[in-house]
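Participant: Please model the complete structure; the sequences and the hints are all you need to start from.
Respectively, the protein sequence lines represent chains A and B.
In this text, residue positions in the first sequence follow numbering that gives the first Met the number 0: the first is 0, and each later residue adds one.
In this text, residue positions in the second sequence follow numbering that gives the first Met the number 0: the first is 0, and each later residue adds one.
Any given hint might turn out to be false.
As the list claims (entries may be wrong) - Residues from chain A that face chain B, not an exhaustive set, calculated with beta carbons under 10 angstroms:
1. Lys130
2. Gln141
3. Ile177
4. Tyr180
5. Asp301
6. Thr303
7. Ile305
8. Lys307
What the hints assert, rightly or not - Some chain A residues flagged as far from chain B (calculated, every beta-carbon gap over 12 angstroms):
9. Leu9
10. Lys64
11. Ala109
12. Glu112
13. Arg133
14. Glu368
15. Asn487
16. Arg488
17. Pro498
18. Lys503
19. Leu504
20. Glu522
21. Gly533
22. Glu559
Please keep in mind that the hints were generated in silico from the structure rather than gathered at the bench.
Positions of the beta carbon are idealized from the N, C-alpha and C atoms, including for glycine.
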Amino acid sequence: MKKTGSKILLECLKLEGVDTIFGYPGGTVINIYDDLMDSPIRHILTRHEQAAVHAADGYARATGKVGVAIATSGPGATNTVTGIATAYMDSTPLVIITGQVPTPLIGNDAFQEADIIGITRPITKHNYLVKDVRDLARIIKQAFYIARTGRPGPVLIDLPKDVQIDTTTFAYPEKVEIRGYKPTYSGNLRQVEKAVRMILDARKPVIYVGGGASLTDASDELKEFAEKIQAPVTTTLMGMASFPRKHPLSLGMLGMHGTFYANMAVTNSDLLIAVGARFDDRVTGKAATFAPHAKIIHIDIDPTSIKKNVRVDLPIVGDLKDVLKKMIQKLGNSEEKLSETVQETSFWREEVAGWKSQHPMSYKSSESEIKPQFVIEKIRELTADDAIITTEVGQHQMWTAQFFDFMRPRTFLTSGGLGTMGFGLPGALGAQSAFPDRQVIDISGDGSFQMNSQELATLVQYRLPVKIAILNNNFLGMVRQWQQLFFNRRYSQTCMELPIDFVKLAEAYGATGLRASTPGEVEDVIRKGLETPGPVIMEFKVSREENVMPMVPAGAGLNEMVLAS
Amino acid sequence: MKHTISVLVENEFGVLTRVAGLFSGRGFNIESLSVAPTIDPSISRMTIVTSGDDQILEQITKQLNKLIDVIKVIDFTGQDYVEREMAMIKVTAEEKTRAEVLRIVDIFRAKVVDVTPRSFTVEVTGAPNKINALVELLSPMGIKELVRSGPVVLGRGPKAWRGTD
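Facilitator: Quick look at the structure:
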């Protein structure tokens with residue numbers, strides 16, 4: 000039986016196991032939306048296409064499945080761009096469907112036409128313009144395959160309106176054959192053996208974990224590996240939740256706002272084992288002085304990540320889970336030598352512990368003002384280990400990374416690579432729609448929150464009980480901090496002069512609003528907020544000019560940290 | 000250092016933009032690029048001349064390989080290969096220089112493909128160096144227009160890269 004393109008699309012989504020999609024209707028996707036009424040797939044109507052993509056992203060980060068978003072042509076498609084770039088930088092598997100004007104009109108500057116294939120080429124893993132309905136099923140199959148395999152990423156399918164209407168015999172291909180795309184999963188055994196020898200010879204090893212550990216769900220293997228070789232573990236922002244923060248080997252985050260002890264450990268290490276990380280400039284500081292005494296082992300599924308920013312002594316291309324398993328196994332063959340190594344590295348662990356007690360993560364507490372770090376600690380105290388935390392971007396994001404002790408994988412969803420303000424709220428929306436019974440909390444700033452605050456409506460409409468903690472300092476705090484430290488306190492355009500009544504804003508949408516203005520009120524507001532059904536805004540009037548510390552100034556080395564401002 | 004890279008790609012619309020966009024987006028340099036279908040019409044072959052140190056070249060190769068539509072990347076640097084480029088040169092041909100132009104054309108085994116009372120159009124094929132030399136010699140006569148194809152290369156010996164192996 001012949002089927003229309005739009006029915007084929009929905010059928011394929013079902014066959015890919017998609018249960019929820021996020022989107023926004025419009026002229027060139029109206030056929031798809033019509034067929035959606037007869038489909039078992041749940042559609043969540045966000046209030047902006049950017050939010051639809053962030054929501055799909057949040058859904059994907061929380062579940063590990065491919066997130067799906069849909070938007071109409073022209074402005075609908077261009078609105079997805081920031082969402083797509085966010086997912087691309089953090090390697091989230093997404094499939095984005097955009098409507099397109101009918102094929103005969105393409106290139107004619109038709110109403111609501113935009114060359115979204117051209118626009119998204121550098122921010123997608125791959126993209127497709129479907130010109131013939133007979134290619135549609137194959138393309139969708141390939142898109143999902145490309146999105147979730149290798150180093151995951153967003154794939155966009157641009158679907159002209161006439162192709163949605165055209166009919167063909169539907170058959171979903173069983174296999175994917177793309178001759179130019181064959182990611183390496185299995186780590187080379189010789190390289191693994193070399194790595195094991197390097198580990199056994201190292202005296203000051205550090206494991207440096209990036210987002211790859213979460214993408215491959217390799218937390219268990221990582222923990223086993225770290226415990227086996229007894230090496231301290233530092234994570235990037237993206238790797239944060241992959242290694243339990245309260246584990247004795249955990250050093251927390253490294254880099255610009257990393258812990259003193261993580262940065263000292265990396266700087267003094269003689270072997271750095273990079274696990275699914277890409278040596279971003281926020282992590283390395285000045286690349287030339289990064290881990291100057293260390294040999295570097297770099298495990299990554301993406302060969303382009305290796306030797307891109309720093310020299311690497313031993314690359315291992317492959318799936319982290321696979322490589323870590325092989326390493327654990329090989330180490331098991333040298334138990335005697337390993338226990339010797341573990342013994343001989345005890346002085347190193349003591350040295351690291353020394354740095355830890357010398358400068359633990361801390362802040363000056365206050366009786367009169369709400370310290371933002373205090374709010375984060377309190378939220379941590381009052382939430383379950385499996386609570387999903389999202390953030391926006393800025394000071395509150397860094398404080399969350401520094402003071403929220405993440406214990407379980409896929410519980411910290413944040414825009415690390417692109418640094419997208421406005422990610423957190425729709426990201427939380429997506430996560431909550433996947434896990435309706437778990438606590439989902441968006442930790443936000445007053446600036447970031449206003450970048451996608453319209454999504455409060457979506458939360459209320461779909462009864463998604465996301466809790467939003469706004470650390471309100473009436474500033475674009477992170478930029479203000481830079482202006483204070485590097486621009487002589489000239490606060491150019493960073494003061495949000497109009498105070499917003501976030502409690503009233505919540506009420507206007509039919510959500511609950513709560514406010515804490517003194518430290519004494521913080522715990523009550525969090526308790527009450529978490530207990531209240533439905534979406535809740537918890538506004539905390541925090542001390543206005545608090546800074547994120549420690550800090551490695553841009554362009555400086557990790558050992559040139561400023562500890563307090 | 001200069002490198003000549005062959006890239007076998009899917010012969011589909013937009014692939015050239017993906018490759019060119021990769022070079023511009025990542026700040027890699029393209030000196031020349033030529034592209035046409037291979038014996039298998041579903042595959043096109045690009046020849047790209049680029050430059051950079053070893054680390055940059057490694058990135059270029061890896062980034063090209065990362066593109067879904069790229070089937071195979073071959074860096075010919077350090078290998079034995081045949082390199083050919085074609086050029087057409089429109090030279091001023093006044094009474095006194097006509098004979099000299101023809102003599103030079105002859106020496107280079109180039110040929111004249113269009114003649115007018117005031118100009119010759121010369122076609123030449125060879126390694127880029129040979130074309131450079133011819134251009135240099137013809138310059139004093141007055142080159143009105145020059146077009147070069149950019150080099151194409153094939154490895155020497157029986158081994159072949161067809162993208163299907």
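Participant: Close enough to count: is the Cβ of lysine 130 of chain A nearer than 10 angstroms to one in chain B?
Facilitator: Check passed: Cβ of lysine 130 of chain A comes within 9 angstroms of chain B, closer than 10 angstroms.
Participant: If we take the beta carbon of lysine 64 of chain A, is the closest beta carbon in chain B still more than 12 angstroms away?
Facilitator: 21 angstroms, holds
Participant: Is the claim that glutamate 368 of chain A lies outside the interface with chain B correct, judged by CB distances over 12 angstroms?
Facilitator: 46 angstroms, holds
Participant: According to the definition I'm using, a residue is off the interface if its beta carbon is farther than 12 angstroms from all beta carbons of the partner; does proline 498 of chain A meet that for chain B?
Facilitator: Fine: 42 angstroms to the nearest Cβ keeps proline 498 of chain A off the interface.
Participant: Does threonine 303 of chain A meet its interface restraint, that is, does its C-beta lie within less than 10 angstroms of any C-beta in chain B?
Facilitator: 4 angstroms, holds
Participant: So, aspartate 301 of chain A near chain B? Judge it on the closest CB pair being under 10 angstroms.
Facilitator: Check passed: Cβ of aspartate 301 of chain A comes within 7 angstroms of chain B, closer than 10 angstroms.
Participant: Please check whether the beta-carbon of glycine 533 of chain A is more than 12 angstroms away from every beta-carbon in chain B.
Facilitator: Its Cβ never comes within 12 angstroms of chain B, the nearest being 43 angstroms, so this holds.
Participant: A closest beta-carbon separation below 10 angstroms is what the hint needs, so does lysine 307 of chain A meet it against chain B?
Facilitator: 6 angstroms, holds
Participant: A cut-off of 12 angstroms on Cβ-Cβ distance, and arginine 488 of chain A was said to be off the interface with chain B. Does that hold?
Facilitator: 35 angstroms, holds
Participant: Determine whether the non-interface label on alanine 109 of chain A survives the test: each CB of chain B must be over 12 angstroms from its CB.
Facilitator: 19 angstroms, holds
Participant: Examine each Cβ of chain B, and state whether all of them lie more than 12 angstroms from the Cβ of lysine 503 of chain A.
Facilitator: 45 angstroms, holds
Participant: Take the shortest C-beta to C-beta distance between isoleucine 305 of chain A and chain B; is it under 10 angstroms?
Facilitator: 8 angstroms, holds
When the structure is compared with the earlier hints, no violation turns up for any of them.
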